[in-house]
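Peer 1: What follows is the residue order along each chain.
2 protein chains.
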Amino acid sequence: MAKAKSVLQVMRVGKNAGKLSKRPTEATDGVDGKKDARARLGELTDELSTLQYALYAEAKTALLVVFQAMDTGGKDGVIRKVFGPINPQGVRVTSFKQPSQIELAHDYLWRIHGAVPPKGVIGIFNRSHYEDVLIRRVHHMDPDAVINQRYEQINEFEKYLTQNNVVIVKFFLHISKDEQKSRLQARLDKPDKRWKFEKGDLAERAFWDDYQAAYGMMLSRCSTSYAPWYAIPADKKWYRDWAVASILVDTLRRIGPRIPEPKEDLNALTIE
Amino acid sequence: MAKAKSVLQVMRVGKNAGKLSKRPTEATDGVDGKKDARARLGELTDELSTLQYALYAEAKTALLVVFQAMDTGGKDGVIRKVFGPINPQGVRVTSFKQPSQIELAHDYLWRIHGAVPPKGVIGIFNRSHYEDVLIRRVHHMDPDAVINQRYEQINEFEKYLTQNNVVIVKFFLHISKDEQKSRLQARLDKPDKRWKFEKGDLAERAFWDDYQAAYGMMLSRCSTSYAPWYAIPADKKWYRDWAVASILVDTLRRIGPRIPEPKEDLNALTIE
Numbered sequence: 026m027a028k029a030k031s032v033l034q035v036m037r038v039g040k041n042a043g044k045l046s047k048r049p050t051e052a053t054d055g056v057d058g059k060k061d062a063r064a065r066l067g068e069l070t071d072e073l074s075t076l077q078y079a080l081y082a083e084a085k086t087a088l089l090v091v092f093q094a095m096d097t098g099g100k101d102g103v104i105r106k107v108f109g110p111i112n113p114q115g116v117r118v119t120s121f122k123q124p125s126q127i128e129l130a131h132d133y134l135w136r137i138h139g140a141v142p143p144k145g146v147i148g149i150f151n152r153s154h155y156e157d158v159l160i161r162r163v164h165h166m167d168p169d170a171v172i173n174q175r176y177e178q179i180n181e182f183e184k185y186l187t188q189n190n191v192v193i194v195k196f197f198l199h200i201s202k203d204e205q206k207s208r209l210q211a212r213l214d215k216p217d218k219r220w221k222f223e224k225g226d227l228a229e230r231a232f233w234d235d236y237q238a239a240y241g242m243m244l245s246r247c248s249t250s251y252a253p254w255y256a257i258p259a260d261k262k263w264y265r266d267w268a269v270a271s272i273l274v275d276t277l278r279r280i281g282p283r284i285p286e287p288k289e290d291l292n293a294l295t296i297e
Numbered sequence: 026m027a028k029a030k031s032v033l034q035v036m037r038v039g040k041n042a043g044k045l046s047k048r049p050t051e052a053t054d055g056v057d058g059k060k061d062a063r064a065r066l067g068e069l070t071d072e073l074s075t076l077q078y079a080l081y082a083e084a085k086t087a088l089l090v091v092f093q094a095m096d097t098g099g100k101d102g103v104i105r106k107v108f109g110p111i112n113p114q115g116v117r118v119t120s121f122k123q124p125s126q127i128e129l130a131h132d133y134l135w136r137i138h139g140a141v142p143p144k145g146v147i148g149i150f151n152r153s154h155y156e157d158v159l160i161r162r163v164h165h166m167d168p169d170a171v172i173n174q175r176y177e178q179i180n181e182f183e184k185y186l187t188q189n190n191v192v193i194v195k196f197f198l199h200i201s202k203d204e205q206k207s208r209l210q211a212r213l214d215k216p217d218k219r220w221k222f223e224k225g226d227l228a229e230r231a232f233w234d235d236y237q238a239a240y241g242m243m244l245s246r247c248s249t250s251y252a253p254w255y256a257i258p259a260d261k262k263w264y265r266d267w268a269v270a271s272i273l274v275d276t277l278r279r280i281g282p283r284i285p286e287p288k289e290d291l292n293a294l295t296i297e
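Which chain is which? The protein sequence lines are A and B, in order. Residue 26 is where the first sequence starts when you use our numbering, and the numbers rise one by one after that. Residue 26 is where the second sequence starts when you use our numbering, and the numbers rise one by one after that.
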């Protein structure tokens, strides 16, 4: 575990984030191939289930898990694999799509705040407020000055949440441009995936470099001590799932939820 | 399957519901013991996963699943067992607890309507609007005339939903008074369950007969052709899980969701 831990530590984005292009999209460090990774994922999700039960019973802390990635990056897949085995009552997934008219009429954190999980619950964001410094930056949908303000606004918002019992962990699923190509091709080729395909996906792919720059800035400006970003090498799905599950188990262990004592003295109770 | 189907049909509450006390809390019809029931549950949840994927892809219909039961009746357990294996992105559980001040300031269906699942999603209600004709009837929290109006209001509300692409199926998990006793005792005895125990649970148990009468009235007044109630014999957990999963698979098959064709002509597309 000591070795695995240091492997995971490398994925945590620190103060001097450096270039995104220097970060690997492929890695095998910490596991012994696919079979080992899958076996250990099973152990990790068992532990996640146990920790989730205690988190729910204690009801003192919420866990907010943010996923961001390029299209086909694996957000849906990792959510299914890592959170699938957990009691659905304790997990709440919010997928942020293009904002509605009502959402656009509010400040950009309004819809986000409404979806923050309550104490005892694991909230999962499939996309998030970071879209407001990603797609909106790449396509110049807001003035640069407005977007540049957001990094600090987001940091303050996340700090406020962590000061109020919401633990935050953020995952950027990092894939290569080649890997995206083969996954888009697979969507075209697999009959039960074709419905997902839109030509717009290809149009976005043409902005690959701009997106990488926007992700890089997001990581270096918004990975904080209280709400860290992890850049997960995500070309190999089994590695991605193992890494995300490992970091979540580590995060929940540090929260250390404990099943509480009964609210009342239950001794000498008789059930009629 | 023919036999199993007729077994399940018996659980569906019809026009002449009859006395709740005539309905079994224990049954084994349709399965060959626990081992068989558990094996078939695995097959059923596999099929549920496949159907859920198509429901999500098609995004034309929502499925709303309502669970009501006496305390310890198994709502949490059945949700974990039947929906646990399904992609958490397509499932949304709402647990209705004692209404908040804000909720009480609105009509009783207001918080319910807000939690109705969107198209493509399976929404699960752990308790529901039926609390307004159960606990509120048993403890005379509203005048009888007000409560008596609600059955029809609920039927109209559910009819409206089903006319607007929300398919509704409702499960009453039916346990015996003896079974509740042994489950409450187990909560007292198991260290990791004791935190759940409240003396108030015993106070409610004293109203057993009043609750059975209120459940009976709910079943006979609100099991409609468009939003049926099923009374599930729930003393045996493995039977309960099999029955609920079977009825859900049957319901989803009748919805018959199909993965849609691609939105655009994808032929001759090249990914650069």
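Among the hints, a few may not be true.
Copies of the same chain are indistinguishable here, so a pair counts whether it falls within one copy or spans any two.
In silico DSS-like cross-links for lysine-lysine, where the CA-CA straight-line distance does not exceed 25 Å [claimed, not checked]: (1) Lys262 - Lys44; (2) Lys85 - Lys44; (3) Lys288 - Lys60; (4) Lys85 - Lys262; (5) Lys262 - Lys288; (6) Lys184 - Lys215; (7) Lys144 - Lys85; (8) Lys47 - Lys262; (9) Lys224 - Lys184; (10) Lys224 - Lys85; (11) Lys144 - Lys59; (12) Lys122 - Lys218; (13) Lys59 - Lys288; (14) Lys122 - Lys288; (15) Lys144 - Lys184; (16) Lys144 - Lys221; (17) Lys288 - Lys224; (18) Lys47 - Lys206.
Keep in mind the hints are simulated off the structure, nothing from the lab.
Peer 1: Against each hint, give a clear statement of whether it holds in the structure.
Peer 2: Each hint tested on the structure:
Taking CA atoms no more than 25 Å apart as the test, Lys262 paired with Lys44 passes inside one copy only; the shortest distance there is 23 Å, against 54 Å between copies. For a Cα distance limit of 25 Å, the shortest separation of Lys85 from Lys44 qualifies neither inside one copy, at 38 Å, nor across copies, at 43 Å. In the homo-oligomer, the alpha carbons of Lys288 and Lys60 never lie at most 25 Å apart, since the shortest distance is 45 Å inside one protomer and 37 Å across protomers. Proximity of Lys85 to Lys262 under the C-alpha cut-off of 25 Å is found in neither arrangement, the shortest distances being 33 Å within a copy and 30 Å between copies.
Proximity of Lys262 to Lys288 under the C-alpha cut-off of 25 Å is found in neither arrangement, the shortest distances being 44 Å within a copy and 27 Å between copies. Taking identical chains as interchangeable, the C-alpha atoms of Lys184 and Lys215 are never at most 25 Å apart, the minima being 43 Å within one chain and 38 Å between chains. Proximity of Lys144 to Lys85 under the C-alpha cut-off of 25 Å is restricted to the intra-copy arrangement: shortest distance 5 Å within a copy versus 33 Å between copies. Taking the closest pair of Cα atoms, Lys47 and Lys262 come within 25 Å of each other only inside a single copy of the chain (20 Å); across copies the shortest separation is 53 Å, beyond that limit.
Neither within a single protomer nor between protomers do Lys224 and Lys184 lie at most 25 Å apart by alpha-carbon distance, with minima of 38 Å and 39 Å respectively. In this homomeric assembly, Lys224 and Lys85 come within 25 Å of each other (Cα to Cα) only across copies, at 22 Å, whereas the closest approach inside a single copy is 45 Å. When the C-alpha separation of Lys144 and Lys59 is checked against a cutoff of 25 Å, the pair qualifies neither within a copy, at 35 Å, nor between copies, at 36 Å. For the identical chains of this complex, Lys122 and Lys218 are intra-copy neighbours only, at 19 Å inside a copy versus 39 Å across copies, given an alpha-carbon limit of 25 Å.
Taking identical chains as interchangeable, the C-alpha atoms of Lys59 and Lys288 are never at most 25 Å apart, the minima being 46 Å within one chain and 35 Å between chains. Taking the shortest alpha-carbon separations for Lys122 and Lys288, only the inter-copy value of 18 Å comes in at or below 25 Å, while the best intra-copy value is 42 Å. For the homomeric pair Lys144 and Lys184, the shortest alpha-carbon distance inside one copy (16 Å) is at most 25 Å, but the shortest distance between copies (35 Å) is not. With identical chains, the CA atoms of Lys144 and Lys221 are at most 25 Å apart between copies only, with a shortest distance of 16 Å across copies and 34 Å within one.
For the homomeric pair Lys288 and Lys224, the shortest alpha-carbon distance between copies (9 Å) is at most 25 Å, but the shortest distance inside one copy (57 Å) is not. In this assembly of identical chains, the alpha carbons of Lys47 and Lys206 lie at most 25 Å apart only when taken from the same copy (20 Å versus 62 Å across copies).
Hint compliance for this structure: hints 2, 3, 4, 5, 6, 9, 11, 13 are broken, all remaining hints hold.
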